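Here the protein sequences line up with chains A and B, keeping their order. Sequential numbering from 1 applies to the first sequence in my numbering. Sequential numbering from 1 applies to the second sequence in my numbering.
Heads up, a few of these hints could be off.
Stated by the list, open to error - Partial chain B-side listing against chain A, Cβ under 7 angstroms, derived:
(1) T24
(2) Y27
(3) A34
(4) M35
(5) D36
(6) T44
As the list claims (entries may be wrong) - With a Cα cut of at most 27 angstroms, we get these calculated DSS-like pairs of lysine-lysine:
(7) A:K24 to B:K62
(8) A:K70 to B:K66
(9) A:K27 to A:K70
(10) B:K7 to A:K30
These are computed hints drawn from the structure, not numbers from a lab. These figures come from a predicted structure and were not determined experimentally. A virtual CB, placed ideally from N, CA and C, is assigned to each residue, including glycine.
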Amino acid sequence: MPPVEKVDRTLDCLKLLCPVPIIKISKAVKELQTGQTLLMLADDPGSKADMLAWAKQTGNELLGIEEEGKVFKFYVRKTR
Amino acid sequence: MDDAPKKLLYIQTNGVESPERSATPFYLASSAAAMDIEVGIYFTVNGPTLLVKGVAEELIPKKDGKGAPLRRFIDQAAELGVKFYVCQPSLDLSNINFDDLIDGVEMIGGAAFNDMALEADAVISF
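Taking the hints into account, I'd like the entire structure generated from these sequences.
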């Protein structure tokens, strides 16, 4: 079950390698309104550790992570 | 989270003589900027040779010589707000004039560098 009922934006970072997914989510989140949610798809094996670190440092909320095979689904809420 | 942004300072001492060592500070600095961290790269020893106009367009970091040129990673970092710093003696070392460098590089001195290092939350040297 996804951790949110609806996502306001989906960001496809499949096949993109570090540091590109983090750069893309940084830009995408800046375009959201506070409280809106974003789903990011990524398959860089390092992206799970990176997203945890990114959320911790930026203060945006990582609502949940789903793993389907090699694909990570990151659910993020803009908090600031 | 604290409202004051954290600060990272990278030091790049490697230049055109070792392409495989050229890009990593730009990747990491770009990641830091995307984490809303204030980040700069100070180029010293051979580092300034990477910033000479026309050089990064031809320099391929990957060891197999395939892939994107360094210029792409420099531009990516600059776009994200990463600051680039050099000082005059490190330009003199390689006979580079400040005017030979790409746009967006800031000239500082040793005192300003030391102050930046003391003010940063971490300093990482390559």
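Query raised in the report: Holds or violated: is the Cβ of D36 (chain B) closer than 7 angstroms to a Cβ in chain A?
Result: Holds: closest Cβ of chain A sits about 5 angstroms from D36 (chain B), inside 7 angstroms.
Requested in this report: Mind checking the CB of T24 (chain B) against every CB in chain A and telling me if the closest is under 7 angstroms?
Outcome: Interface hint status for T24 (chain B): violated (10 angstroms vs cutoff 7 angstroms).
Query raised in the report: Are the Cα atoms of K70 (chain A) and K66 (chain B) separated by 27 angstroms or less?
Result: Satisfied, since the Cα-Cα distance of roughly 26 angstroms is no more than 27 angstroms.
Query raised in the report: Would the pair K27 (chain A) and K70 (chain A) pass a check requiring their Cα atoms to be no farther apart than 27 angstroms?
Result: holds, 24 angstroms
Query raised in the report: Given Y27 (chain B) was flagged as interface, is its beta-carbon under 7 angstroms from a beta-carbon of chain A?
Result: holds, 5 angstroms
**Report entry** Restraint status (C-alpha distance of K24 (chain A) to K62 (chain B) at most 27 angstroms)
**Finding:** holds, 23 angstroms
Query raised in the report: Quick one, are K7 (chain B) and K30 (chain A) close enough, alpha carbons at most 27 angstroms?
Result: holds, 20 angstroms
Query - Hint check: 7 angstroms Cβ-Cβ cutoff, M35 (chain B) to chain A - result: Constraint on M35 (chain B) satisfied, holds at 4 angstroms.
Requested in this report: For the hint on A34 (chain B), just tell me whether its beta-carbon gets within less than 7 angstroms of chain A.
Outcome: holds, 4 angstroms
Query raised in the report: How about T44 (chain B): closest beta carbon in chain A under 7 angstroms, or not?
Result: violated, 23 angstroms
In terms of the numbered hints stated before, the structure departs from hints 1 and 6, listed from lowest to highest.
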